[in-house]
Structures are given as C-alpha cells and as structure tokens.
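Engineer: Line order of the protein sequences matches chains H and S. Under numbering that gives the first Met the number 0, the residue at position 57 of the first sequence is numbered 56, and the numbers go up by one with no gaps. Under numbering that gives the first Met the number 0, the residue at position 196 of the second sequence is numbered 195, and the numbers go up by one with no gaps.
Hints were generated in silico from the structure; no laboratory data involved. One or more of the hints may lead you astray.
[Stated by the list, open to error] Quick look at which bits of chain S chain H covers, simulated, 3 or more residues with Cβ under 8 Å: (1) 279-293; (2) 315-325; (3) 353-366.
[Stated by the list, open to error] Non-contacting residues of chain S with respect to chain H, defined by C-beta distances greater than 10 Å in every case (computed): (4) PRO11; (5) GLY38; (6) GLY47; (7) VAL117; (8) ALA124; (9) CYS181; (10) ASP219; (11) HIS335; (12) GLU340.
[Stated by the list, open to error] Which chain S residues face chain H? A few, computed with CB under 8 Å, are given here: (13) GLU262; (14) SER302; (15) ALA303; (16) GLY328.
For glycine and all other residues, C-beta sits at the position ideal for the given N, C-alpha and C.
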Amino acid sequence: MSQTLDSCPESPDLVLDCLGRPCPVPVIELARAARGLAPGTVVEVRSDDPASLVDLPAFCRMRGHDYLGHVPREVGHALSVRLR
Amino acid sequence: MSVLLDAGAGRPMSPASREAWDAAQQDGWADPTRRYTAGRRARRLLDGALEALAAGLGARPDELTVAPTGCAALRWAVQGARAARPAADPTVVTSAVEHSCLLRATGDHVRAVAVDLVGRVDLPAYETALTPLPVLATLIAASHEVGTRQPVDAVAGLCTELGVPLLVDAGASLGHDPVPTCWSLLAADAASWGGPPVGLLAVRTGTRWRPPLPTPDPLDLPSLVAAAVGLQDALGRRADEAARQHALVARLRAGAAQVPDVEVVGDPEDRLPHVLTFSCLFVDGEVLAGELDRAGFAVGSGSACSADPDHEPGRPSHVLAAMGVLTQGNVRLSLHPGVTEADVEAFLAVLPDAVARARAAGGASDL
Numbered sequence: 000m001s002q003t004l005d006s007c008p009e010s011p012d013l014v015l016d017c018l019g020r021p022c023p024v025p026v027i028e029l030a031r032a033a034r035g036l037a038p039g040t041v042v043e044v045r046s047d048d049p050a051s052l053v054d055l056p057a058f059c060r061m062r063g064h065d066y067l068g069h070v071p072r073e074v075g076h077a078l079s080v081r082l083r
Numbered sequence: 000m001s002v003l004l005d006a007g008a009g010r011p012m013s014p015a016s017r018e019a020w021d022a023a024q025q026d027g028w029a030d031p032t033r034r035y036t037a038g039r040r041a042r043r044l045l046d047g048a049l050e051a052l053a054a055g056l057g058a059r060p061d062e063l064t065v066a067p068t069g070c071a072a073l074r075w076a077v078q079g080a081r082a083a084r085p086a087a088d089p090t091v092v093t094s095a096v097e098h099s100c101l102l103r104a105t106g107d108h109v110r111a112v113a114v115d116l117v118g119r120v121d122l123p124a125y126e127t128a129l130t131p132l133p134v135l136a137t138l139i140a141a142s143h144e145v146g147t148r149q150p151v152d153a154v155a156g157l158c159t160e161l162g163v164p165l166l167v168d169a170g171a172s173l174g175h176d177p178v179p180t181c182w183s184l185l186a187a188d189a190a191s192w193g194g195p196p197v198g199l200l201a202v203r204t205g206t207r208w209r210p211p212l213p214t215p216d217p218l219d220l221p222s223l224v225a226a227a228v229g230l231q232d233a234l235g236r237r238a239d240e241a242a243r244q245h246a247l248v249a250r251l252r253a254g255a256a257q258v259p260d261v262e263v264v265g266d267p268e269d270r271l272p273h274v275l276t277f278s279c280l281f282v283d284g285e286v287l288a289g290e291l292d293r294a295g296f297a298v299g300s301g302s303a304c305s306a307d308p309d310h311e312p313g314r315p316s317h318v319l320a321a322m323g324v325l326t327q328g329n330v331r332l333s334l335h336p337g338v339t340e341a342d343v344e345a346f347l348a349v350l351p352d353a354v355a356r357a358r359a360a361g362g363a364s365d366l
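All chains, please: the whole structure from these sequences, using the hints.
Structural biologist: And the structure:
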C-alpha cells in the first residue's frame, strides 16, 4: 500500500522527471537510474501517471528498495525511494 | 486458431447451452402468455427454465429475478435495497475489489473495505465498516480478476447478527465454485457457466428489496432455457472440471513465476479454479497482450494502458491497485472447459519470449 507524506522525508539526491510519460516508463527510468547509484541514495520520481502510485511501491517491494511515500504536486506526484 | 484464455470476458456458449438454445428457438417461439397450444408449450419451457435456474442458485422460483446482464443484476440489487428503505442511510458497505458494475451502482455512498496483498478482505475491518448500519452490505464471492475467494460465510454471519442484508456477487464463480448459501441477495451471470449473458438475481423471502420494474419485462425464452440447461450441465461436471482447471492454473502460476521480474498475484490455493493474474516489470500490458495474440493466445489485461472496460481509461485495475500489486505488464487469464494441458504448456513455452519482446519494445531489455 502506498503512503501519503505531509512532506518529503529528506531532500532527494536525484530527481527523475517523468511527467507526461505513461506506465511503464517511470518504473523503467527509476530502475535504469538505480543501476548506477550507491545504496542509500534517495531518488524522487515526478509522475502524473495514476499507475505510478501503485507500481512504484510494488517495484520497490519486488526489488527490496524502501518506498518512502509520495506527496501531491501541482501536476502529479513526487514519489520518494531510498535505494537498497 | 487462437487459444482463448480470456473466457471471463466472453466465450462461445457451451455445447449443452447451444443445443438447448436451438431447441428452444424451435419449440418456444410463442408468447408464453397466450392460451393456445404453442403459447402453453412456451409457458412450460419458461417455467421449467426458471425453476431450474432458481434451484441451481439454491433459491425458490419466486425469489428469482431475471436481468438483462450480470451487470444489471448487480445494479438492480443495490437500487432495490435502497428503494425499499428510502429513509435509511443509502450507504453500501463493500470490498475494494468488487466488480466495477457494483462500484458504479453504489456511487459515492459507499464504504469500501481494504484488502490484503492477495486481495482478501480484512474481516475485522469489514465488521467495523458495518457501523453505522448500512442499507446493504456486499461481497464478491471470489475475485473475477485475481481469483481470491472471500470469507463470505463469516461476513454473512456478521450481517445476520446486525440485520443488514448481504448481496453476494457470484458473477465470476457460479459454475466453477460451490454455490454460496449464506446471502440475502445473490447475483449471477449465465455467461460464467457457458450460457448466454443473462443476469440473475435471487432475493431471499423477507429481504427488504423492491423490484426495479412494477411489471417485469417479457423474457427471452431461448436464452433462459440455454442458461438453465447450461447451469445444470456445468454443475454436473463442476467438481471434476474445477479440479482439472485448478491444476492447470497451478501449472500456469508456477510457469509464469519462472519468467524474470514477474509477479503472480492472488491467493495460490484458496481461489477460483480458472482465474489467474500476473504482472511483468518494465512492460506495457497492451504490448504484451498483442505479442501473446500474435503467438496465438487471447488474454486480458488490467494495466492502465489496456482498453479493458472493467476499469477507467488511463487507470490501472482498481482490484490490483487495492491489493498494492504491480499493474504494469498485467496479464489476466480465465480458463474454460476447452483449454487443454497442451494449450497451457504451449502458452508457457511462448511466454518468456513474448515478455522479452515487450520489454525490448519499451527499451527495457537490460534492466
């Protein structure tokens, strides 16, 4: 289940702008970015695809990353992930 | 010839239903309200069909209402419960994984109870949701998308204690699973057992419910006869066919789980015998459904990008979302008696390549 945050838990090390891009692009972009990043890195994904709110947490569960939650933005949401 | 693995969305009538439909066309063309010989023959056919359908649902003939579709049966159940108690709170308590027809019927006056990762409703949460008392409680007998069975009898116990009528949606399960027995209203769809798409709603005597029409519309006799004969035929074969399909789905679940980054969802054991859903990371569900179609298999999808009428365009399946499982690259399978072990093995043989091609199409081969 996804959780809503009042504010982002910490400032991200990297922001991925996936606005306007449908599923499965946001998850693909996150997985691609994760390959070159150290464990503990916090990535923020900006997405206006409703599927991202379900699929990013599910991706984190499948790959062992920490899903930190999401906050609504003017357009879409900012979803935060701490890489394992 | 393509192998149909999407029987829940529609399939050819079963041989028993088709034969009955043909025969009823020849013998039952007359208006059953007419007193001449052909009319009386149609009347007998109609009464026999309604009796058989009611018996198949575990109801009396006078408890049965025929609806144009399974979707309409769900809508009439909700509307009739509200119409019978116009002064009551119109809230309906339900689960988050009901059929979209039911959720559309309840509208905004609804308390939807959350489900766990396999899609089963949380019983204590359901009990909590029953206060303040709703006008109606509903629960799908087993999920039409992921197959997970719901604790219908336990919820029926809660509802009986509180005097809340319970609508059980057996639209996906009748003909496949044992017929639910604890309910105030029971909705079914003859298409689920290989009949024509006719909706049925059984309402227990004493339930506060108002029929949708003051005078029922004339009924389509051949469709009802086909539905009734098909139900008797399906119930007669049910135990053997359910065991066969349960084993085929177990094989499909194990085979799909072998494909890298695939999540097979729903309860692995306590489920409908014929339904299976899995999702593939980094895959567009509609692209994958197209790859499988080209390989000779017709499947459904609950991904946001699919054109499935069961969810809003651009949104993923509300069932998968409520469970919190992956929705991208989603493949939904529902079997029928015509699906063989060889079909299942052939599907599993093409699946890894189909997923790989769909991943390559999105530039995600290397993840």
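Engineer: Could you work out which of the previously given hints the structure breaks and list their numbers from low to high?
Structural biologist: none
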